[in-house]
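Next come the chains, spelled out residue by residue.
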Amino acid sequence: MGSLADRITNLIHGISIKRQLLFVFILTALTSSVANFVIFLEIDDRMQSVDAVYDSNEQNNELLALVENVHNNLTNYLMIKSTDVMEGYYRSVYDITDVLDGMDTQISGQVAPAARDDIKNMIYEYLAVADETIQGKRGRNVEKYSANYEEASRLYNYIRDYIISLNDKQFRQNTNEYSHLRASMKLLEVSVFVILGLAFLVGIGLTVFFTERITYPLTDLAERAERISEGDFEVEIPDNKWTYEVNILSKAFAEMLVSIKAYMAREKKNLETQRDLRERELTMEAEIKEARLKYFQAQVNPHFLFNTLNAGMQLSMFEGAPRTGVFLKNVSEFFRYNINKDDGESTIGEEVALLDYYFEILKVRFGDVLEYVKDVDEDLLPVRIPKMILQPIAENCINHGIREAEQKGYIYLTVYKRDEEIIISIADNGVGMSRELIDSILQGTYVRDDSSNENNGVGMNSVINRLRLYYNRDDVLEIVSEGPGQGTEVIIHVQDNAG
Amino acid sequence: MKTSKQKNHFNDKPSRIMTIGMAVTLIIIGVTVLVLLFLNISESGKDDTDVIYDRKYAFIANDKDDAFVVEVYNTAKAEAAGKGAYLELIGSELGGTYTSHDLMIMAIASGYDAIFVEPDDTREMTDLINRAVAKGIPVITYMTDDANSDRQCYIGSNFYLLGKEYGESVKMTDRGDECDILILIKESLPVTSRNSFQTSLMSELTSDKKDCTYNVEFEAIDTTSTFSVEEKIRDILLHEEKSADLIICMDEITTTSFYKALVDYNKVGTVDVFGYYNSDTILKGVERGVINSSITVDASEMGKSCINAIEEYRESGYVSEYVSVPVQIIR
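Chain order of the listed sequences is A and B.
Under our numbering, the letters of the first sequence match residues 1 to 499, in that order.
Under our numbering, the letters of the second sequence match residues 1 to 331, in that order.
Since the hints were derived computationally from the structure, they do not count as laboratory data.
Any given hint could turn out to be false.
Claimed, not checked - Covered by chain B, according to a simulated footprint, are these stretches of chain A (three or more residues, beta-carbon under 8 Å):
1. 159-168
2. 190-204
Said to hold, decoys possible - Simulated pairs of lysine-lysine, DSS-like, Cα-Cα distance not exceeding 25 Å:
3. Lys-120/A <-> Lys-77/B
4. Lys-77/B <-> Lys-169/A
5. Lys-135/B <-> Lys-144/A
Every residue gets a Cβ at the ideal spot worked out from N, C-alpha and C, and that includes glycine.
Please construct the entire structure, taking both the sequences and the accompanying hints into account.
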């Protein structure tokens, strides 16, 4: 039973709505048609049985009438002896013989099995005697035809009694049969009612079931679509294999939903990245602007100063003081770098050059007390880095490391490549730094005295923030110091763009 | 919003719904088939065309209500059916009252293949038997014989033997020096049978008690006429001046009627009664002592012998003229 159901279900699975509807209509129509057809056949059969119930009685009555007709004609002929009566007699004999010849006299059945055969034989016997009677009458043999007529009459009475008895017996039997048929018709009536009722219920059931079956997936899909349109992309699209069209629609819808969700995730990620980039860009711009502002605040009208320095350089050349001229040129180049570069980016080479100018200027100020030593990999000079990074670090080294030391100060600049990184190291042999100070500087919590005139305005905080934003990593800069008196090394880990 | 249960209902277990649907459909088909089967079985119960017979035999009884005759007929009918023949009790379904002569004429005219008849010792019956035989219809007599006719065979008890058996029973009663015996016989009993019976009875009675005088008288009763048996017995018991000491009833109807009359008229013990046949009523009479004894011929054996005889005749063209049926005394 179960496997048959599965087999039929599999047959129906995945077929089109049109075929499913046809299947439902044909199935329901077939159910009621078969029920009606079977009932019709049964009713027809019963009706035929009812019609045939009294057939035997009718045949008996017909036979009795024919026998009576023959005997009446015989009697009339004996009394009247006319040609008309004679003709009537022979016609009646012909009629009854015709019926007798077609009579079924099989000895069978429960109601007087031999009766019809008896009647048939007796009628033939009667007709033989009647014929002899006629012959006797024609020959005017009164004794003969009287005796024959008496025998014929006796036989006639026997036949009559036989037919009436058979008729009566068959009538009783037929009445029983009729009653039985009536009862059976009554039963059939109830059965028809029950069968048609059941067929109706099955039809309704099948229609409701299949209608629900066909429409539910569509309704369900519509509801889910509505939820999606309201922004709920977590809706699950069930796999519906029942209906071909809905199955296709469900699959397409599910795939579309997956695509939409993937697209939205991508878009969200892009937006987040762009927002992050933009945020960093804005912060960097703000930092640069802040550095530049501080620079401008520190140097009122740098163009004027720059032009003034150039004029001083030309004057010193003109008056025969070349060292002064070189000094002023270095100062002038130092400020030119700060003024010209405007996009927040520079190269290692430019930063190193700025540092060179800076130390040339300081050399005039400090003489041999300060020594600048550099070891730079020439190949790395074009690598782009944020602007104004190295000089503020070197300045901090001088102001806080070397100036407070008693021995000769050394500033070491080293640029080299290690693994995938470019290392820019600025080290001093100054007073060194404590761990706490290093941590506070790296965490941005260190507050220094900005009133010092020695600072050009760009502090370590700015350098660290810009480096972190530019390279999007916190450990881009590290400060290493072995302790007080051990000097300090600031190491910048630059990602090799070329790599 | 549909629940997950509904989802399962539609997507995971469709076969369950299909199973229910198919089960309902099958129930309808089953109900339809069962109902129609029941109706057809009910209808087939009345079907009367199950057996077809090859030939028909006529059974003519002087008294179709006689239990003995009915048993003979029923046995013979069953035996005949087993051999493919239908045995008709002629006249049983007819409205009018017909004599055995009328029934013989009907049987001859109806073209029966054989006739079993209980002849009535009349010339007319002999002629009818001869007429049937002349038309090629074999005739077998039972119960009583018509030895003068052309009948093929007689099946029944020997009346001489019956007389001897009754004589033995009567001898067992002590009736002194003189005993009046009244023998009630059917009107149809042939004289030859009567004489044979009387001779053997007297011979048996006088064989031991030669000094006793037995007065034997026959009373013929028309058993076919309605109430005639009862009236005759009433007359014998109540109105006759000198009633018999001993009554011998030679058939079942007379025995039963006499037994009932003795009880009804409170005459039990006034007369010794010797009956015939072993119906329930008669057996009860014997048991109560109202009937001294009863003699019966084996009705079943007689019925079977009738059919066997005619079948033997059909097959070989010959059959014994007399087939004896054993008798039994019930005390």
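**Asked** Per the coverage rule (Cβ-Cβ under 8 Å, at least three residues), is the segment 159-168 of chain A covered by chain B?
**Response** n = 6 at 8 Å, threshold three: holds.
- Would the pair Lys-135/B and Lys-144/A pass a check requiring their Cα atoms to be no farther apart than 25 Å? Holds. Lys-135/B to Lys-144/A sits at ~21 Å (cutoff 25 Å).
Keeping to a limit of 25 Å between CA atoms, is the pair of Lys-120/A and Lys-77/B held or broken? Holds, at roughly 23 Å.
Are Lys-77/B and Lys-169/A close enough, with their CA atoms no more than 25 Å apart?
holds, 20 Å
Taking 8 Å as the C-beta cutoff, is the stated coverage of the segment 190-204 of chain A by chain B satisfied by three or more residues? Satisfied; 7 residues make the cut.
In this structure, every one of the numbered hints holds.
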